[in-house]
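Chemist: With the hints as your guide, set chain Y onto chain V.
In the order they appear, the protein sequences are chains V and Y. The opening position of the first sequence corresponds to residue 6 in this note's numbering, with each subsequent residue numbered one higher. The opening position of the second sequence corresponds to residue 6 in this note's numbering, with each subsequent residue numbered one higher.
Hints should not be assumed to be uniformly reliable.
Same chains, same label: a pair holds when it works inside one copy or across any pair of copies.
[Stated by the list, open to error] Capping the alpha-carbon separation at 25 Å, the derived lysine to any residue pairs in SDA-like fashion look like this:
#	residue 1	residue 2
1	Lys24	Arg94
2	Lys24	Asn71
3	Lys66	Gln40
4	Lys24	Ile80
5	Lys76	Met27
6	Lys66	Glu89
7	Lys76	Thr31
8	Lys79	Gln92
9	Lys88	Arg67
None of these hints come from the bench; they were simulated from the model. Fair warning: this is a prediction, and the values are worked out from it, not measured in the lab.
Protein chains: 2
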Amino acid sequence: MTDNVKKQDNNHTVFIGPKPFMNYVTGVVMQFTTQSANEVVIKARGKFISRAVDIAEVASKRFLENSVAVKDIKIDSEEFENKEGKQVRVSTIEVTLGKK
Amino acid sequence: MTDNVKKQDNNHTVFIGPKPFMNYVTGVVMQFTTQSANEVVIKARGKFISRAVDIAEVASKRFLENSVAVKDIKIDSEEFENKEGKQVRVSTIEVTLGKK
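Bound-form chain V, shown alone (with noise of 0.2 Å):
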């Protein structure tokens, strides 16, 4: 995860890691105020899902009140093998906003 915030082609996504909580925060922001989004989907996995799940309650809530509320939520698993070829699972969040 080297991008918190990336683009896809109709769609407005922040990918949630380690890096300073406002970046997040202000990734979502920006994107409804200076980009027009419509809809912004903050995606997290493993320990970084309580996160994503403070960034958009703080987005939402305290910066965009009024204007942007949560649409949907989704949750899932990721399999994978790790380097010592154990199978892993990690959970995953997709919490969409969007303008109400």
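Modeler: What follows is chain Y alone, placed relative to chain V:
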């Protein structure tokens, strides 16, 4: 958070805290299997949110595959005053698992 399994009137709820991971998974699975719950709500706050998602995924996909699925996910914030009288915000999650 002293109890890992609390039952409300018509509602099976598991609060996620710092106990061993499998305690909670077993708690959720048992509500469905031995207590005939139709729905179980997994609740967590702050840093335990990531764990709540892990527990929901492991319970529904590994232990109760084909019989239980994620029905609803809600996130919210709680504000309270800490010991120093400072206003603090904490995120919360509620994952509802239900019989298919």
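Chemist: All the hints need checking, so say for each whether the structure fits it.
Modeler: Each hint, compared with the structure:
Taking the shortest alpha-carbon separations for Lys24 and Arg94, both the intra-copy value of 23 Å and the inter-copy value of 20 Å come in at or below 25 Å. With identical chains, the CA atoms of Lys24 and Asn71 are never at most 25 Å apart, being 27 Å at best within one copy and 38 Å at best between copies. For the identical chains of this complex, Lys66 and Gln40 are intra-copy neighbours only, at 19 Å inside a copy versus 38 Å across copies, given an alpha-carbon limit of 25 Å. In this homomeric assembly, Lys24 and Ile80 come within 25 Å of each other (Cα to Cα) both inside a single copy, at 22 Å, and across copies, at 22 Å.
Taking CA atoms no more than 25 Å apart as the test, Lys76 paired with Met27 passes inside one copy only; the shortest distance there is 22 Å, against 31 Å between copies. For a Cα distance limit of 25 Å, the shortest separation of Lys66 from Glu89 across copies, 24 Å, qualifies, whereas the shortest one inside one copy, 43 Å, does not. Taking CA atoms no more than 25 Å apart as the test, Lys76 paired with Thr31 passes inside one copy only; the shortest distance there is 19 Å, against 31 Å between copies. When the C-alpha separation of Lys79 and Gln92 is checked against a cutoff of 25 Å, the pair qualifies only within one copy, where the shortest distance is 23 Å, while the shortest distance between copies is 30 Å.
In this homomeric assembly, Lys88 and Arg67 come within 25 Å of each other (Cα to Cα) only across copies, at 23 Å, whereas the closest approach inside a single copy is 41 Å.
Hint check: a violation occurs at hint 2 only; the rest are consistent with the structure.
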